[in-house]
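Since the structure of chain F is already known, use the hints to place chain P on it.
Residue numbers (the numbering used here), protein chains in the order written: chain F, 1 to 293; chain P, 1 to 298.
Since the hints were derived computationally from the structure, they do not count as laboratory data.
For each residue, glycine too, the CB sits at the ideal point set by N, CA and C.
Possibly wrong hints are sitting among the right ones.
So these bits of chain P aren't anywhere near chain F, every CB distance computed over 10 angstroms [unchecked claim]:
no., residue
1, W21
2, I204
3, W288
Chain F regions said to be covered by chain P (calculated; three or more residues, Cβ under 8 angstroms) [claimed, not checked]:
no., stretch
4, 13–27
5, 65–79
6, 102–111
7, 114–120
8, 256–266
9, 274–283
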Amino acid sequence: MKSAGFTTRWLPILLLVPQLSIIAIFFYWPALYAMQSSFYLQDPFGFGSTFVGLENYSSLLSSSEYMKVTRFTVVFTALVTFFSLALALLLAVKADNVLRGAKTYRTLLMWVYAVAPPVAGFIGVMMFNQSWGPLTELARSIGWDFKLGVNFNDTASAMILVSVWKQVPVNFIFFLSGLQSIPKSVREAALIDNRSSFGRFWDVTFPLLAPTGFFLLIINITYSLFDTFGVIDTMVKGEPGNNPMTLVYKVYVDGFRGNDLGGSSAQSVILMVLVLALTIFQFRLVERRIHYT
Amino acid sequence: MADTTHTSTNTVARPRKSIKWGTVFDHTILILGSLFMLVPILMVLQTVTTPDLETIKNGPGLTIGTELDDNFAKAMFQASGFSGENTGTSMLINSLILGVGFAVGKIVIGMMAAYAIVYFRLRFATFAFWLIFTTLLLPLEVRILPSYEIVQQLGMLNTYSGLIIPLVASATATFFFRQFFRSVPNELVEAARIDGAGPVKFFIDILVPLSQTMIAAMFIIMFVYGWNQYLWPTMITTDEDMYTLVRGIKQITQDLEGTNVPEYGRANMLALIAILPPVLIVIFFQSWFVKGLTESDK
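Next comes chain F alone, as it looks inside the complex (with noise of 0.2 angstroms):
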């Protein structure tokens, strides 16, 4: 708060009404709502539910389908962590170097941004096209059978490839603007003492990057546990069937679909503990982070 604010009293509650108004039903209330529905049973025709304390809890972690689906998560969120940060470092790494056409790559490379997740894959099932794709066509030139929606890995593949794609411009604008905050002195420091630019991007560059890359890296997993739900969903035009998915899209799965209300609701709040404790581990970086900069 500021030392020199208003003292009226009635204006600042009416101001805070609209939004703690709207976050106290459509925040806390389904986060209470689904906290207590995960330790009920709901009859699937909507005949009441029944107080099972942690069954749903249990049947969940003892189900192997969900170990499956926690595995391949875990898998998703690491590659697509990765490649998108690798590749969107080595691009604002060049698109810093460069003199020339250095506005036109940075458009190039950010537009993708403002492309939604499901759209992606929509454009990823074109690419990926059984007859015609030129991915699919580029696949088979070196003897790979592609079959999205049929295999298994396959579809997995591309599902990761068009993450990537879609993440990488988020993580090029923060990286260069990263790149962009490093003070000339140091750079110019940096040229004397150490000759080998490779050197030197280990030794300044990247430790003056970390925290930028920390804080990435938490946008990242969300982004690959979250957001990459309209890519599943269209790539796998809607048939989960056999095809990969993620935790998310199995709470809209069941939640949704299969009408087990307890279920899904237990698999929501394992999630909102999964996302508190990385929220919490972000917090401490942040902290961390003032002291680097």
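Chain P alone, transformed into the frame defined by chain F:
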């Protein structure tokens, strides 16, 4: 990457060499990266100009066809689905309503709440702050089903308010404006008080004009975010005349399956219409957008 950067060292060390291989290499990487981003959209652009039969026979090629206006007309005015109400035009209007409604709602509510938290002596300010900022922790995706049930109980399914308001229930804009208001010098509010300006006058005449750039940056980010929403619209809108372009994309994808002559031109045109408005905004207002994006997370 190791040897690549190595080459550029040599050029930095000996800048008088006629061809700088390091620079050439940097450009090669950047061009490859740009192509990685561009090729998919080039395929979309080619398909929308090509007759469907040709696409089915040969796949996307390098020629530009003549079907652009035909595919555009089909995309905008021909409906898919059963009710015949989700033409491209109606989906485009819904997308605009969602994008603009979401951005405006977020900004107005966020600015009001941030103003109250930063500029007033309130006993429960800290408590309100934590109530609001806890919402940053949990994305909508983890509480979709209960949110759906509640919106259903409130009778807000298939309405614009049911589409927009639950999405507004997170504090990103509030957080952003709080950071900005705190950086506004204290002297301003003191001067305003000496001049006899009340809190409402100060807000409208001084603070809002001062925040113009921030509002613009937020609007761009929030519009793109709202326009691109998928999961929530998928759950909340079941009437086809309420579909947004992004929400309709799954149906468009599914329509291509199981028909003899899939309308690739029309489908790609709809995808293109879904892509263009947010992409153009991001490209044209690039500097505001980048500033807003990189500063909101500090």
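Okay, the hints, checked on the actual structure:
For W21/P, the condition that its CB be more than 10 angstroms from all CB atoms of chain F holds, with the nearest at approximately 13 angstroms. In this structure I204/P is separated from chain F by more than 10 angstroms, as the shortest Cβ-Cβ distance comes to about 13 angstroms. No Cβ of chain F comes within 10 angstroms of the Cβ of W288/P; the nearest lies about 13 angstroms off, and the non-interface call holds. Under the rule that three or more residues need a Cβ within less than 8 angstroms of chain P, the assignment of the stretch 13–27 of chain F holds, with 11 such residues.
Figure legend: the stretch 65–79 of chain F, annotated as covered by chain P; annotation inconsistent (0 residues with Cβ-Cβ distances under 8 angstroms, at least 3 required). Closer than 8 angstroms: that is the beta-carbon criterion, and the stretch 102–111 of chain F has 7 residues meeting it against chain P, so the requirement of 3 holds. Judged by the Cβ-Cβ criterion of 8 angstroms, the stretch 114–120 of chain F is covered by chain P as claimed, because 6 of its residues qualify and three suffice. Figure legend: the stretch 256–266 of chain F, annotated as covered by chain P; annotation consistent (4 residues with Cβ-Cβ distances under 8 angstroms, at least 3 required).
Counting residues of the stretch 274–283 of chain F whose CB lies closer than 8 angstroms to any CB of chain P gives 3, so the stated coverage by that chain holds, three being the minimum.
In this structure, the one hint that does not hold is number 5.
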